[in-house]
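Trainee: For the protein sequence lines, the chains are S and R, in the order given.
Reading the first sequence from the start, the letters are residues 1 to 447 in full-length UniProt numbering.
Reading the second sequence from the start, the letters are residues 1 to 447 in full-length UniProt numbering.
Bear in mind the hints are in silico, worked out from the structure with no lab data behind them.
Be a bit skeptical, because a hint or two may be false.
Any copy, or any two copies together, can satisfy a pair, since identical chains are not distinguished.
No more than 20 Å apart at the CA atoms, straight line, and that leaves these computed lysine to aspartate or glutamate pairs for EDC-like [said to hold, decoys possible]: (1) K358 to D135; (2) K358 to E137; (3) K164 to D222; (4) K355 to E32; (5) K358 to E68; (6) K355 to E68; (7) K65 to E340; (8) K343 to E368; (9) K164 to D252; (10) K251 to E269; (11) K358 to E81; (12) K355 to E81; (13) K372 to D38; (14) K65 to E32; (15) K164 to D191.
In this text the structure is predicted, and so the values were computed from the model without any measurement.
Number of protein chains: 2
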Amino acid sequence: MELLIIYLSFGILQCSSVGADSIIHIGAIFEENAARDDEVFQLAISDLSLNDDILQSEKITHSIKYIEPNNPFQAVQEACELMTQGILALVTSTGCASASALQSLTDAMHIPHLYVQRNAEGSPRTACQLNPSPDGERYTLAARPPVRLSDVMLTLVGELRWQKFIVFYDSDYDIRGLQVFLDQTSRQGLDVSLQRVDRNISGVFSNLFTSMRTEELNRYRDTLRRAILLLSPRGAQVFIHQAVETNLASKDSHWVFVNEEISDTEIMELAHSSLGRMTVIRQIFPLWKDSSVSCMRNNHRISSLLCDPQEGYLQSLEVSNLYLYDSVLMLANAFYRKLEDRKWHSMASLNCIRKSTKPWNGGWSMLETIQKGRITGLTGIMDFMDNGSNSHVQFEILGTSFSETFGKDIKRVSSIVQFLVPDIVTQTDILTPYLCVKQPRGKCKQH
Amino acid sequence: MELLIIYLSFGILQCSSVGADSIIHIGAIFEENAARDDEVFQLAISDLSLNDDILQSEKITHSIKYIEPNNPFQAVQEACELMTQGILALVTSTGCASASALQSLTDAMHIPHLYVQRNAEGSPRTACQLNPSPDGERYTLAARPPVRLSDVMLTLVGELRWQKFIVFYDSDYDIRGLQVFLDQTSRQGLDVSLQRVDRNISGVFSNLFTSMRTEELNRYRDTLRRAILLLSPRGAQVFIHQAVETNLASKDSHWVFVNEEISDTEIMELAHSSLGRMTVIRQIFPLWKDSSVSCMRNNHRISSLLCDPQEGYLQSLEVSNLYLYDSVLMLANAFYRKLEDRKWHSMASLNCIRKSTKPWNGGWSMLETIQKGRITGLTGIMDFMDNGSNSHVQFEILGTSFSETFGKDIKRVSSIVQFLVPDIVTQTDILTPYLCVKQPRGKCKQH
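Chain S extracted, bound-state conformation (with noise of 0.2 Å):
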């Protein structure tokens, strides 16, 4: 163990004392499909370096392997590449098949984990189920949040007043995330089916014709006037499309379409393809919209590129992309308060593969230090509840009215309604969720 005296004015990282070396060492795997997520990590780690007031001798290094998706051994032989090195967290963004992987890996070696989930294909996310920790000790933090999708959809199902409908899902969607949903709505005695929607939609629809009789045909078409689509949102255009040229969508259909991700402009897309009335949820991030907050966060200055919207390029953004970001953020706020404390474990070498290595003594005290802390970044506010996952998601709905005039007057609906759920939530995982109907944004009621 290495005590290093270090005077740090508040920012994140300011050293009085000069190494040559960086004592500072984050391993990241990405996979290689997803070139946005090494760019955004990089630029969060220069803009630690960029800033003044931070980090002025004292460098963050960082490595980072590329893997294929879905290939968890690759991950593992990359990431004990990466332990080798003797990297102090690793953070990671890729499927569920991967982390579970890194997860026991991580486990099994100390060596505090930073996990950002990436969708399959812009369909919507269920959470992965990683694996019970040994002793409980857990060293992966979920930086995305716990998907709360099923709440918002309960919320909405009830103001609908909706007792019979169905949901269709992208063959990509792991039906696991509706558990919570279909425990409710069967309690409450509604009348909800499922149905899994092919990559080939446009196969979906001239199925039914060919297998379905007339009066089946009719009791379809009644079912799909009120229909939750947890699709991509290109898949959700190709469905409401396909539906309107088969003349089984009717004006007073009424389309929600979930996922926690989808554009201004896909969500005027989908609007403008469809028939009857549109139901939009998804995640948002209030901090973007708030000009006062522009690029400073705390004493920490963000690169105009992610922080003005003037710029485009936040747009271009996926959500995890964001998470990554915030993650870089997170760490080397614990590294600053680490060094502060004068509690610096040195990290060596991790040969992962021998069974007789011992993992990172200084890898529990790491992790606690992480979990503790508490940034505001791209994404809002980020920390972690005792369960490991970061606590803060909000969401809004957005729609328009029945149109019969349909693809030209779309309305914005006047009533947006915006979701957030609490700062603190319990271990439970239904929660009431505090909604904000027809208020001025900002002004909630409890729901």
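With the hints as your guide, set chain R onto chain S.
Mentor: Chain R only, in chain S's frame:
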């Protein structure tokens, strides 16, 4: 590459050239809490050694590693150690998280992998979602057949003409296994509700009484008249007991218990504890009941412990144990044919964690030989479809009639319904199964 010139008679492995060291090394990975996996695997190896006409001099060497359940990194560590020792094939019996990691490892190293899926805590199984293999070269063969419970349930629900019912499932059950079932029932316009059952089953019902109004409770009682239970045998017993105790079950309740694994004793216990009618869907192994087959399969003699029902041992085994035995037989059969064809690639030690390591050059040829094989073992015929899974599986549907005198007058229903999924199945998920209703065993009409 090493070519062995060996003359073999039919059997598994009879070598006229005697080698001092075994060239046949099988690695195995089991979960610590599955003692029988270990036992039956070793019985299979010992049966192969004891048979006179096979393996006179050429013995199978085997190495077993034990891992914690749900620890994919440990699985990789142990598998890498086995590969360093130079194994020709890996036999594993684990849950899905470890299987996913082992699949991508064996794909990378070109080591044939016979995988037997273990159920979590006796819950019904949902086949693991494995990763796409690089270049389509898949090294994992699933010894347990795909889960066909959905198909059987669909036919049963059709036979019973159920229009509205509830499905209760274990919290350990992966509801992605219900996708096909839900798709079909939704198309047919059936009302299906889903409800998860926590481990603490008594809590389920006590919650109902505190959270539901009288009208809701009455509706719920009505729904409970037609229920499918995707639970462990023990869980179903407690569940029905609770429903009876709380007066939610009635004498016209119909419970359909669905699980590949449930013993005769457990079925009797379940039927005795239930009010109303009980139907059970489970997997069967018809060969067991055919006394003429006894302990010989082709030329292979199975230890009487494993094939003589009088011994009582067979009844104590889990289905995964049986598939492990047959996996070893399948491998031995492939080794025999490789040696006979004089196409033996010797195996060198692989250092699987070093990224520069070349995979085994004999792997694909060995995999193909295994995949083309066909044996008759404890589970009946075993062979593999193009997608790498065993195609042979049979189910039976057992039942009592409605019974007013709960717990006393339980009769086995006369109609024993037996399912035969066709030997060669297509790639589509939905089969037209062969159904034998009220027909003598073995005589089936197409449904």
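Trainee: Mind listing which of the numbered hints don't hold for this structure, in increasing order?
Mentor: Failing hints, ascending: 7, 13.
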